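If you want the building blocks of each chain, they are given just below.
2 protein chains.
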Amino acid sequence: MELKVYCDRLSQPSRAILIFCKANGIEFEEVKIDLGKGQHLSAEYEAVNPIKLVPAIVHGDFKLFESHAILIYLASAFPGVAHHWYPADIRERAKVHAVLDWHHSNLRRGSIGFIFNNTICLAFGIPANPEAAAKGEKLLSASLARIETFWLQEDGPFLLGNAKPTIADLALVCEIMQLEAGDKNDRDRILSPHKRVVKWMEDVKSASAPHFQEVHAIMGPVREKLEQLKIQAIENPE
Amino acid sequence: MELKVYCDRLSQPSRAILIFCKANGIEFEEVKIDLGKGQHLSAEYEAVNPIKLVPAIVHGDFKLFESHAILIYLASAFPGVAHHWYPADIRERAKVHAVLDWHHSNLRRGSIGFIFNNTICLAFGIPANPEAAAKGEKLLSASLARIETFWLQEDGPFLLGNAKPTIADLALVCEIMQLEAGDKNDRDRILSPHKRVVKWMEDVKSASAPHFQEVHAIMGPVREKLEQLKIQAIENPE
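Residue numbers (full-length UniProt numbering), protein chains in the order written: chain S, 1 to 238; chain X, 1 to 238.
These aren't lab readings, by the way, just hints derived from the structure by calculation. Don't take each hint at face value.
Identical copies go unnamed one by one, so any copy, or any two together, can satisfy a pair.
The calculated lysine to any residue pairs, modelled on SDA-like cross-linking and capped at a C-alpha distance of 25 Å, are [stated by the list, open to error]:
#1 Lys199 <-> Ile51
#2 Lys52 <-> Arg109
#3 Lys4 <-> Arg91
#4 Lys63 <-> Ala145
#5 Lys138 <-> Ser105
#6 Lys195 <-> Arg109
#7 Lys195 <-> Glu30
Please read these numbers as outputs of a predicted model, since none were measured by experiment.
Sequences and hints are given; from them, build the entire structure.
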């Protein structure tokens, strides 16, 4: 049964799903939906995902969107997926769900608020919004502090004190990696106070190498392109 | 093994969990954490939930917060829970996850944005914020339209075309019921364009009667109290 992953590597949850599939040997076709070209708004894509966001999957005749739901589905539907990604024990599983639920209203909301309004908006022809970016950074920094002092508080290197990563580690680290699309000084200012977060990110990268690095290879060119757009926006304000 | 549910019936996800337990014959102790008195900020409650929000549960030696994760855990840990609340089939389950994930950034965010900034803020001594309330109402109305035209689009009376409710029906309807804490004209203006949503809410209430009604009995008195606070705020602006 064929699996298609509709995604844009510029999107952090798209990257999480691509890495998950590659790290677990799941065969799939990557169908690029170019957000910058508005392909997610096409009637063709609406038939795949009526919410018009990436990522989405089609597995045989089954369509699904929302990246956390997709990760859980893939971990459940493909028997080759290693147990640690989505543990069967209901208490361990409940903790993974709790991290992912927390993520929605905290890390993800802060990260999107900062990086979209600071940088990525330029790719869509939208001017930067420093006030919204500052509000996003505040929530992003509070979320990173919460990861540092609570979600990573136990002995193991991964979230919840686990010895190996779960889908939550992958989802959250891909979110934080979105900072790579922006200014390096911004990234350093935001990340450097959180040493354990930085260490954890490296551990997640190592645990999903070389796929993590391959899927994130887009970030350098994206940052350069966005830097050019930022310079143009400063030189030619409208 | 004893189950404690830490909650305030003023909180919509707290109500969802109470109704779920009662509807499924799960024995539990309801521990009220009075949000208006700031009991969620106490050191005692921080030991239960370091995020300092309600609801949270303690089941034996297991602590959990995030309401969706709690609903899934309860459906999985208590064998008496009827299958339809959280189906075992991985595709049906994936759709339930997708609704719940969507809920975080859409219905819930819009609902909280509207009702908190319009009304509930007064219970915490915070002045109303009409601009934030209007922004919340816009997202809330768009979310209700999405429920009407997509999540309820299939034949069955419940979300995803199901014949019986899932935990997602309960979570989303409890969220919309938060409008009962505010002005009736506001509620009617927001809900009345969405006939199918209104019908679905009645179906969810019937399917979880009499517990739904009993747990929501607080809403009338809460509305009256908030109306008084609103009148005081208008008469004595600071």
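Which holds for Lys138 with Ser105 at a C-alpha limit of 25 Å: within a copy, between copies, both or neither?
-> Both. Shortest intra-copy (13 Å) and inter-copy (18 Å) distances satisfy the 25 Å Cα cut-off.
Checking Lys63 and Ala145: alpha-carbon separation at most 25 Å within a copy, between copies, both or neither?
-> between (36 Å within a copy, 21 Å between copies)
For the identical chains here, do Lys199 and Ile51 meet the 25 Å Cα criterion within one copy, between copies, both, or neither?
-> Classified as between; 23 Å across copies, 35 Å inside a copy.
From the Cα coordinates, with 25 Å as the cut-off, is the pair Lys195 and Arg109 best called within, between, both, or neither?
-> within (22 Å within a copy, 31 Å between copies)
Same-copy or cross-copy closeness of Lys4 to Arg91 [CA-CA at most 25 Å] | between (31 Å within a copy, 16 Å between copies)
What label fits Lys52 with Arg109 when the C-alpha limit is 25 Å: within, between, both, or neither?
-> Cα proximity of Lys52 and Arg109: in one copy and across copies (18 Å, 19 Å).
How would you classify Lys195 and Glu30 at a CA-CA limit of 25 Å: within, between, both, or neither?
-> Answer is neither; intra-copy 34 Å and inter-copy 39 Å both fail.
Hint 7 from the list above is the single one not met by this structure.
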